[in-house]
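Each chain is listed here by its residues.
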Amino acid sequence: MMHDASSAATMEAHWGGGAAPFGASWQKTMMWIFIVTDALLFSGLLCAYSFLRQASPAPWPGPQEGPFSIPFIALMTFILITSSATMGSAVGASKLGDHRATLRYLVLTIVGGAAFLGCQAYEWTHLIREGQHLMNHAKGAPFLVNPWGPPQYGQSFFLLTGFHGSHVFSGLVILTITAIRSALGKTPAQNVEMAGLYWHFVDLVWVFIFTLFYLI
Amino acid sequence: MSASHANPYRIYWITWALLLVVTVSMLGAEAFHMPRWLLVPFLLTFMMLKAVMIGGNFMHLRFEKSNLGLMVFAGIMVTTLILFLYITPESHHVLDRTIR
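Chains as they are written, first to last, in our numbering: chain A, 1 to 216; chain Z, 1 to 100.
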């Protein structure tokens with residue numbers, strides 16, 4: 001911790017650009033730049049999804065025709081939104097210096113994230129069992145068997161939710177490390193805030209996937 | 001002492017409740033088979049509303065300097081818009097060629 005603080009102080013001392021342009025610490029500024037670049041990755045994926053959907057000659061299955069249970073997806077959304085609220089509370093508690101509350105809210109967020117990942121694993125299994133195969137061995141090409149419509153439907157689903165799920169998983173790793181360090185009293189409030197920014201970003205991406213893939 | 005200082009958790013749980021209301025409204029619009037020409041703009045508007053609430057309240061952009069918010073919002077939205085506007089006509093060309 002001493003080492004972290006001294007390296008941060010060294011970097012601050014080397015900053016020669018006058019006032020910080022965004023009025024934020026360099027850690028927070030870098031985190032936001034990372035979030036913007038990661039958001040652009042999802043933006044590209046969603047635009048590709050839009051392209052595939054509009055270029056598809058076969059009708060794209062709507063929410064009622066597809067294989068998904070909308071109430072189940074709504075439950076996943078509820079879990080993720082709730083975990084974002086607990087994460088926000090962890091950030092609030094860490095700023096107050098309340099370590100017990102910080103740890104409690106971090107653990108609740110981890111439980112929510114793990115529940116969301118479990119739901120996503122169930123959703124993938126369900127879709128594969130319903131007929132969306134990951135590999136069509138007969139033709140030697142992936143994702144071609146799909147009883148609901150164009151093959152791009154299954155491809156888009158696995159790509160979008162897979163990328164999002166991998167972000168949820170990384171978020172869980174970050175939160176677990178933050179919680180352990182917080183329990184040991186080694187995490188400053190700023191680190192909890194950085195972990196929180198990443199977790200809220202994961203929630204933000206889900207808002208777009210939920211609407212654009214499942215509802216429209 | 002401001003209200004947010006008195007209870008630092010309040011803003012997160014108010015935002016949580018608002019997000020739930022908006023999500024339930026979106027699901028309701030879907031369940032009641034709102035006409036598609038109305039449903040799509042409705043869902044897109046509410047999606048953006050949710051994004052603003054998460055960015056503003058959960059990610060604290062409301063409380064940061066405005067140029068940070070501008071960098072984030074403009075960086076993402078302008079790039080996405082350019083990408084979307086470039087590829088959408090192309091998707092129609094691909095569809096036309098496939099059908100013919």
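It should be emphasised that the hints constitute simulated quantities derived from the structure, not laboratory data.
Worth double-checking, as some hints may not be accurate.
As the list claims (entries may be wrong) - Footprint (simulated), chain Z over chain A, 3 or more residues, beta carbon under 8 Å:
1. 66-77
2. 84-92
3. 199-205
Claimed, not checked - In silico lysine to any residue, SDA-like type, Cα no more than 25 Å apart, as pairs:
4. A:LYS28 - Z:LEU38
5. A:LYS95 - Z:LEU18
6. Z:LYS65 - Z:VAL24
7. A:LYS28 - Z:VAL94
Note that the coordinates shown come from a computational prediction; the quantities given were computed from them, not determined experimentally.
Even for Gly, the Cβ is constructed at its ideal location relative to N, Cα and C.
* Asked: Is the straight-line distance between the alpha-carbon of LYS95 (chain A) and that of LEU18 (chain Z) 25 Å or less?
  -> holds, 24 Å
* Taking 8 Å as the C-beta cutoff, is the stated coverage of the region 84-92 of chain A by chain Z satisfied by three or more residues? -> Contact hint for the region 84-92 of chain A vs chain Z: holds, 6 residues under 8 Å.
* Asked: Do the alpha carbons of LYS28 (chain A) and LEU38 (chain Z) lie within 25 Å of each other, as the hint requires?
  -> violated, 40 Å
* Coverage assertion for the region 66-77 of chain A with respect to chain Z, Cβ distance below 8 Å, three residues required -> holds (count 3)
* **Within 8 Å of chain Z's CB atoms, at least three CB atoms from the region 199-205 of chain A: coverage verdict** => Contact hint for the region 199-205 of chain A vs chain Z: holds, 4 residues under 8 Å.
* For the pair supplied as a hint, LYS65 (chain Z) and VAL24 (chain Z), confirm whether the alpha-carbon distance does not exceed 25 Å. => violated, 32 Å
* Could you grab the alpha-carbon distance between LYS28 (chain A) and VAL94 (chain Z) and see if it respects the 25 Å cut-off? => violated, 43 Å
Hint compliance for this structure: hints 4, 6, 7 are not met, and every other hint is.
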